[in-house]
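Undergrad: Here is how the chains run, residue by residue.
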Amino acid sequence: EPEVTQTPSHQVTQMGQEVILRCVPISNHLYFYWYRQILGQKVEFLVSFYNNEISEKSEIFDDQFSVERPDGSNFTLKIRSTKLEDSAMYFCASGTGIFVRTDTQYFGPGTRLTVL
Amino acid sequence: DAKTTQPPSMDCAEGRAANLPCNHSTISGNEYVYWYRQIHSQGPQYIIHGLKNNETNEMASLIITEDRKSSTLILPHATLRDTAVYYCIALYNAGNMLTFGGGTRLMVKP
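Protein sequences appear in the order of chains Y and S. According to this note's numbering, the first sequence is numbered sequentially starting from 10. According to this note's numbering, the second sequence is numbered sequentially starting from 16.
No lab work stands behind these hints, which were simulated from the structure alone. Built from N, CA and C at the ideal position, the CB exists for glycine as well. There may be inaccurate statements among the hints.
Subject to a maximum C-alpha distance of 30 Å in a straight line, what follows is the list of computed DSS-like cross-link-like pairs (lysine-lysine) [stated by the list, open to error]:
#, chain 1, residue 1, chain 2, residue 2
1, Y, K66, S, K124
2, Y, K87, S, K84
3, Y, K92, S, K84
4, Y, K92, Y, K66
5, S, K67, Y, K92
Facing chain Y, according to a computed beta carbon distance under 7 Å, are these residues of chain S, among others [as the list claims (entries may be wrong)]:
#, residue
6, P22
7, C27
8, Y61
9, I63
10, G65
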């Protein structure tokens, strides 16, 4: 069964450093998402991406964040200058985009980001 | 998207049916009810969704009241692996973001 994959599973970085989190969505999916979950808190939406552009973003997704689909398979989340409060589990998700009203989002296993 | 309300936690005996309620009294006629779950710290997993009619798949059944103000997710024979946080989400357009509330923490006990 096809699945969303994410790398790395755990990333440790120093405050102020740039990080890139990578995701490989399910092949032929057209909608892509990033969510995050701070330890012990709710899953929060960051951004959705469709047709090579951001379709929706939350207040969390400020200028320090960016997303890119550099090729036909990868979807990346970049944090330009990490802060301590960016420490969280980051989940990538994808959806077919075919069934606009009833599409399902499939989530990856997550990348745990630890900012020291 | 309409707000949903779920009990924070529930217990269920292994092998018994787990019935997880959700209130969505302000749901509009075009909003679907989606259920996802999150096992430990894994990525959320889709379970089922519905609009008006009851739905069943290999994982669960979804019962939606006639007025659509509430629904119940039924896991017919809960196993220990069903221990997870279950989220009920009302969604108009599936391409939109998912808004996760607190969910219901289901503990399946031997």
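Undergrad: Check each numbered hint from earlier against the structure, then list the numbers of those it violates in ascending order.
TA: 1, 2, 3, 5, 6, 7, 9, 10
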